[in-house]
Amino acid sequence: MDNEQPFDYYLYGKRLSEESRKSIIKQVNAFEVWMEGESIPDITEVSYNDIMAYVKHCSSSGNAQKTIALNLGFLNHYFMWLVKEGEIKENPVSNIHIRGIQRKHLHHYLKKEELDTLYHAFDAKDAAGMRNKVMLGMIVYQALRVGELTDLTLKSLQLKEGKVRVEGGRKTNARTLTLESHQIIDLLEYVSEARKTLLEETGKETDQLFTSSGTGDKLLNTLQYILTQVKKQNPEVRDWKQLRASVISYWIAVHGLRKAQYLAGHRFISSTEEYQQQDLDELQGDIDRFHPL
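Heads up: the sequence shown runs through residues 1 to 293, numbered per the numbering used here.
Don't read these hints as lab results, they were simulated from the structure.
Computed spacing ranges between beta-carbons, pair by pair:
| # | residue 1 | residue 2 | range |
| --- | --- | --- | --- |
| 1 | N29 | G162 | 48 to 54 Å |
| 2 | A53 | G162 | 50 to 56 Å |
| 3 | K111 | K232 | 17 to 23 Å |
| 4 | T202 | K111 | 35 to 41 Å |
| 5 | K111 | S47 | 42 to 48 Å |
| 6 | R258 | D2 | 30 to 36 Å |
| 7 | E193 | E161 | 18 to 24 Å |
| 8 | K204 | R258 | 37 to 43 Å |
| 9 | E193 | S17 | 40 to 46 Å |
Quick reminder that beta carbons are idealized off the backbone N, C-alpha and C, glycines included.
Build out the structure end to end from the sequences listed, making use of the hints.
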(Lines of atoms letter the chains of each structure in order from A and count residues from 1; the text may use other names and numbers.)
(Lines give C-alpha, C1' and ligand atoms only; values in the text may rest on other atoms or scores of the structure.)
Protein backbone atom coordinates (compact mmCIF):
# COMPACT_ATOMS: atom_id res chain seq x y z
CA MET A 1 0.00 0.00 0.00
CA ASP A 2 1.88 3.05 -1.28
CA ASN A 3 -0.25 5.74 0.37
CA GLU A 4 -0.57 4.18 3.82
CA GLN A 5 0.58 7.23 5.78
CA PRO A 6 -1.86 9.81 4.34
CA PHE A 7 -4.70 7.26 4.54
CA ASP A 8 -3.86 6.54 8.17
CA TYR A 9 -3.92 10.28 8.85
CA TYR A 10 -7.38 10.43 7.25
CA LEU A 11 -8.59 7.62 9.52
CA TYR A 12 -7.07 9.36 12.52
CA GLY A 13 -9.03 12.47 11.60
CA LYS A 14 -12.20 10.38 11.77
CA ARG A 15 -11.30 9.56 15.40
CA LEU A 16 -10.75 5.88 14.78
CA SER A 17 -8.61 4.08 17.33
CA GLU A 18 -5.12 2.87 16.45
CA GLU A 19 -6.34 -0.73 16.55
CA SER A 20 -9.17 0.04 14.11
CA ARG A 21 -6.84 1.90 11.77
CA LYS A 22 -4.41 -1.02 11.71
CA SER A 23 -7.25 -3.47 10.95
CA ILE A 24 -8.48 -1.31 8.06
CA ILE A 25 -5.01 -0.93 6.54
CA LYS A 26 -4.37 -4.66 6.94
CA GLN A 27 -7.55 -5.45 5.00
CA VAL A 28 -6.67 -2.99 2.23
CA ASN A 29 -3.28 -4.68 1.87
CA ALA A 30 -4.95 -8.11 1.74
CA PHE A 31 -7.30 -6.84 -0.95
CA GLU A 32 -4.36 -5.55 -3.01
CA VAL A 33 -2.72 -8.98 -2.79
CA TRP A 34 -5.92 -10.51 -4.18
CA MET A 35 -5.93 -7.85 -6.94
CA GLU A 36 -2.47 -8.93 -8.08
CA GLY A 37 -3.70 -12.50 -8.46
CA GLU A 38 -6.61 -11.22 -10.54
CA SER A 39 -4.35 -9.04 -12.71
CA ILE A 40 -6.09 -5.82 -11.65
CA PRO A 41 -3.34 -3.24 -12.24
CA ASP A 42 -4.42 -0.49 -9.85
CA ILE A 43 -6.91 -0.09 -7.03
CA THR A 44 -8.34 3.00 -8.71
CA GLU A 45 -9.58 0.72 -11.50
CA VAL A 46 -11.55 -1.59 -9.19
CA SER A 47 -15.19 -1.96 -10.25
CA TYR A 48 -18.39 -3.16 -8.64
CA ASN A 49 -17.93 -6.53 -10.36
CA ASP A 50 -14.42 -6.79 -8.95
CA ILE A 51 -15.75 -6.26 -5.44
CA MET A 52 -18.41 -8.92 -6.05
CA ALA A 53 -15.70 -11.31 -7.24
CA TYR A 54 -13.69 -10.57 -4.10
CA VAL A 55 -16.72 -11.28 -1.92
CA LYS A 56 -17.17 -14.64 -3.62
CA HIS A 57 -13.47 -15.34 -3.14
CA CYS A 58 -13.76 -14.61 0.59
CA SER A 59 -16.86 -16.77 0.85
CA SER A 60 -15.24 -19.71 -0.92
CA SER A 61 -12.24 -19.31 1.40
CA GLY A 62 -14.50 -20.08 4.35
CA ASN A 63 -15.03 -16.57 5.72
CA ALA A 64 -18.29 -16.05 7.58
CA GLN A 65 -20.79 -13.55 6.18
CA LYS A 66 -20.23 -11.30 9.19
CA THR A 67 -16.48 -11.29 8.56
CA ILE A 68 -16.98 -10.48 4.88
CA ALA A 69 -19.28 -7.60 5.77
CA LEU A 70 -16.72 -6.29 8.26
CA ASN A 71 -13.95 -6.46 5.66
CA LEU A 72 -16.12 -4.64 3.13
CA GLY A 73 -16.66 -1.96 5.75
CA PHE A 74 -12.88 -1.61 6.05
CA LEU A 75 -12.51 -1.33 2.28
CA ASN A 76 -15.32 1.19 2.20
CA HIS A 77 -13.18 3.55 4.30
CA TYR A 78 -10.39 3.34 1.74
CA PHE A 79 -12.57 3.89 -1.30
CA MET A 80 -14.35 6.79 0.42
CA TRP A 81 -10.92 8.34 0.95
CA LEU A 82 -10.00 7.79 -2.71
CA VAL A 83 -13.20 9.59 -3.72
CA LYS A 84 -12.37 12.43 -1.36
CA GLU A 85 -8.87 12.68 -2.84
CA GLY A 86 -10.26 12.76 -6.37
CA GLU A 87 -8.58 9.48 -7.33
CA ILE A 88 -11.89 7.84 -8.24
CA LYS A 89 -15.38 9.17 -8.96
CA GLU A 90 -17.49 6.41 -7.39
CA ASN A 91 -17.06 4.09 -4.43
CA PRO A 92 -17.44 0.50 -5.76
CA VAL A 93 -18.22 -0.83 -2.27
CA SER A 94 -21.05 1.54 -1.34
CA ASN A 95 -23.81 -0.45 -3.05
CA ILE A 96 -22.80 -3.97 -2.09
CA HIS A 97 -24.68 -5.78 0.64
CA ILE A 98 -24.23 -9.05 2.42
CA ARG A 99 -27.17 -11.30 3.07
CA GLY A 100 -27.61 -13.49 6.13
CA ILE A 101 -26.30 -11.14 8.82
CA GLN A 102 -28.56 -10.93 11.81
CA ARG A 103 -29.16 -7.52 13.26
CA LYS A 104 -29.26 -6.78 16.93
CA HIS A 105 -32.80 -7.01 18.21
CA LEU A 106 -33.60 -3.57 19.48
CA HIS A 107 -35.80 -2.86 22.46
CA HIS A 108 -39.51 -2.30 22.32
CA TYR A 109 -39.92 1.34 21.35
CA LEU A 110 -42.00 3.68 23.48
CA LYS A 111 -44.32 6.05 21.67
CA LYS A 112 -43.84 9.82 21.80
CA GLU A 113 -46.86 10.14 24.09
CA GLU A 114 -45.34 7.62 26.51
CA LEU A 115 -42.06 9.54 26.58
CA ASP A 116 -43.95 12.77 27.28
CA THR A 117 -45.81 11.09 30.14
CA LEU A 118 -42.57 9.89 31.72
CA TYR A 119 -41.34 13.46 31.86
CA HIS A 120 -44.51 15.23 32.97
CA ALA A 121 -45.36 12.63 35.62
CA PHE A 122 -41.92 12.67 37.20
CA ASP A 123 -41.92 13.92 40.79
CA ALA A 124 -39.81 17.08 41.22
CA LYS A 125 -40.83 18.24 44.67
CA ASP A 126 -37.34 19.28 45.83
CA ALA A 127 -33.97 20.35 44.41
CA ALA A 128 -32.80 16.80 43.77
CA GLY A 129 -36.13 15.95 42.18
CA MET A 130 -35.90 18.94 39.82
CA ARG A 131 -32.38 17.90 38.82
CA ASN A 132 -33.58 14.36 38.18
CA LYS A 133 -36.49 15.55 36.05
CA VAL A 134 -34.26 17.79 33.95
CA MET A 135 -31.80 14.91 33.46
CA LEU A 136 -34.64 12.65 32.38
CA GLY A 137 -35.78 15.28 29.89
CA MET A 138 -32.37 15.28 28.20
CA ILE A 139 -32.83 11.57 27.52
CA VAL A 140 -36.50 11.38 26.51
CA TYR A 141 -36.33 14.51 24.31
CA GLN A 142 -32.70 14.86 23.16
CA ALA A 143 -31.78 11.15 23.34
CA LEU A 144 -28.49 11.87 25.10
CA ARG A 145 -26.24 9.02 26.11
CA VAL A 146 -25.50 8.76 29.81
CA GLY A 147 -21.92 9.87 29.22
CA GLU A 148 -23.04 12.89 27.21
CA LEU A 149 -25.52 13.80 29.92
CA THR A 150 -22.91 13.79 32.68
CA ASP A 151 -20.46 15.78 30.52
CA LEU A 152 -22.82 18.75 30.08
CA THR A 153 -21.69 22.04 31.61
CA LEU A 154 -23.43 25.35 32.16
CA LYS A 155 -21.87 26.55 28.91
CA SER A 156 -23.64 23.71 27.08
CA LEU A 157 -26.96 25.47 27.59
CA GLN A 158 -28.20 28.12 25.17
CA LEU A 159 -31.46 28.88 26.93
CA LYS A 160 -32.18 32.12 25.08
CA GLU A 161 -32.09 30.16 21.84
CA GLY A 162 -33.79 27.16 23.44
CA LYS A 163 -30.93 24.82 22.61
CA VAL A 164 -28.28 22.61 24.18
CA ARG A 165 -24.85 21.91 22.71
CA VAL A 166 -23.57 18.33 22.93
CA GLU A 167 -19.87 17.87 22.29
CA GLY A 168 -18.63 15.00 20.14
CA GLY A 169 -16.63 12.04 21.35
CA ARG A 170 -14.53 9.25 19.89
CA LYS A 171 -17.64 7.55 18.52
CA THR A 172 -20.10 10.44 18.26
CA ASN A 173 -20.49 13.74 16.45
CA ALA A 174 -21.14 17.06 18.11
CA ARG A 175 -24.57 18.59 17.58
CA THR A 176 -26.85 21.38 18.77
CA LEU A 177 -30.30 20.20 19.83
CA THR A 178 -33.55 22.06 20.32
CA LEU A 179 -35.15 21.98 23.77
CA GLU A 180 -38.87 21.52 24.35
CA SER A 181 -40.61 24.64 25.69
CA HIS A 182 -41.47 22.99 29.01
CA GLN A 183 -37.87 21.82 29.30
CA ILE A 184 -36.65 25.40 29.06
CA ILE A 185 -38.92 26.45 31.92
CA ASP A 186 -37.70 23.59 34.11
CA LEU A 187 -34.07 24.21 33.17
CA LEU A 188 -34.36 27.87 34.14
CA GLU A 189 -35.72 26.85 37.53
CA TYR A 190 -33.07 24.19 37.94
CA VAL A 191 -30.12 26.44 37.06
CA SER A 192 -31.32 29.46 39.03
CA GLU A 193 -32.57 27.64 42.13
CA ALA A 194 -32.29 23.86 42.46
CA ARG A 195 -28.70 23.55 41.26
CA LYS A 196 -27.54 26.33 43.57
CA THR A 197 -29.27 24.60 46.47
CA LEU A 198 -27.51 21.32 45.71
CA LEU A 199 -24.13 23.03 45.48
CA GLU A 200 -24.69 24.81 48.79
CA GLU A 201 -25.77 21.61 50.52
CA THR A 202 -22.74 19.66 49.27
CA GLY A 203 -20.18 22.48 49.40
CA LYS A 204 -19.18 21.90 45.78
CA GLU A 205 -17.90 24.27 43.13
CA THR A 206 -18.28 22.96 39.59
CA ASP A 207 -19.24 24.01 36.09
CA GLN A 208 -20.94 20.67 35.48
CA LEU A 209 -24.62 21.13 34.74
CA PHE A 210 -25.60 18.19 36.90
CA THR A 211 -24.13 17.45 40.31
CA SER A 212 -24.79 14.63 42.74
CA SER A 213 -26.51 15.12 46.09
CA GLY A 214 -23.59 13.53 47.94
CA THR A 215 -19.94 14.40 48.33
CA GLY A 216 -18.84 12.48 45.24
CA ASP A 217 -18.92 13.63 41.64
CA LYS A 218 -20.35 10.50 40.06
CA LEU A 219 -23.99 10.43 39.00
CA LEU A 220 -24.40 6.67 38.62
CA ASN A 221 -26.52 6.31 41.76
CA THR A 222 -28.64 9.28 40.70
CA LEU A 223 -29.21 7.80 37.25
CA GLN A 224 -30.11 4.43 38.73
CA TYR A 225 -32.62 6.10 41.05
CA ILE A 226 -34.21 8.01 38.15
CA LEU A 227 -34.47 4.81 36.11
CA THR A 228 -36.10 3.00 39.03
CA GLN A 229 -38.73 5.73 39.36
CA VAL A 230 -39.38 5.72 35.62
CA LYS A 231 -39.85 1.95 35.62
CA LYS A 232 -42.49 2.34 38.32
CA GLN A 233 -44.35 4.76 36.06
CA ASN A 234 -44.14 2.51 33.02
CA PRO A 235 -43.21 -1.19 33.41
CA GLU A 236 -42.35 -1.28 29.69
CA VAL A 237 -39.21 0.77 30.40
CA ARG A 238 -36.09 -1.38 30.57
CA ASP A 239 -33.04 0.87 30.43
CA TRP A 240 -31.63 4.15 29.13
CA LYS A 241 -30.68 2.63 25.78
CA GLN A 242 -34.31 1.74 25.16
CA LEU A 243 -35.43 5.31 25.82
CA ARG A 244 -32.74 6.70 23.52
CA ALA A 245 -33.73 4.19 20.83
CA SER A 246 -37.37 5.24 21.16
CA VAL A 247 -36.50 8.89 20.57
CA ILE A 248 -34.30 8.10 17.57
CA SER A 249 -37.06 5.95 16.07
CA TYR A 250 -39.45 8.89 16.45
CA TRP A 251 -36.95 11.24 14.81
CA ILE A 252 -36.60 8.92 11.82
CA ALA A 253 -40.37 8.83 11.36
CA VAL A 254 -40.72 12.61 11.61
CA HIS A 255 -37.49 13.97 10.13
CA GLY A 256 -36.05 11.16 8.01
CA LEU A 257 -32.78 9.26 8.32
CA ARG A 258 -30.28 12.05 7.60
CA LYS A 259 -31.76 14.50 10.07
CA ALA A 260 -32.10 11.75 12.67
CA GLN A 261 -28.46 10.83 12.12
CA TYR A 262 -27.41 14.38 13.00
CA LEU A 263 -29.70 14.62 16.02
CA ALA A 264 -28.49 11.29 17.38
CA GLY A 265 -24.83 12.16 16.87
CA HIS A 266 -24.23 9.08 14.74
CA ARG A 267 -21.08 9.18 12.65
CA PHE A 268 -22.48 6.73 10.11
CA ILE A 269 -25.95 6.53 8.59
CA SER A 270 -25.90 2.74 9.08
CA SER A 271 -26.03 3.32 12.84
CA THR A 272 -29.24 5.31 12.42
CA GLU A 273 -30.76 2.76 10.08
CA GLU A 274 -30.70 0.20 12.89
CA TYR A 275 -33.40 2.17 14.69
CA GLN A 276 -35.93 2.08 11.88
CA GLN A 277 -39.27 0.54 12.82
CA GLN A 278 -39.42 -2.78 11.01
CA ASP A 279 -40.96 -6.23 11.38
CA LEU A 280 -38.87 -8.80 13.21
CA ASP A 281 -38.32 -10.67 9.96
CA GLU A 282 -36.76 -7.54 8.46
CA LEU A 283 -34.69 -6.94 11.56
CA GLN A 284 -33.17 -10.39 10.99
CA GLY A 285 -32.45 -9.65 7.34
CA ASP A 286 -29.85 -7.79 5.39
CA ILE A 287 -27.57 -4.96 6.27
CA ASP A 288 -29.39 -2.09 4.59
CA ARG A 289 -26.35 -1.00 2.63
CA PHE A 290 -25.88 -4.31 0.79
CA HIS A 291 -27.51 -6.04 -2.17
CA PRO A 292 -28.25 -9.75 -1.49
CA LEU A 293 -25.84 -12.25 -2.91
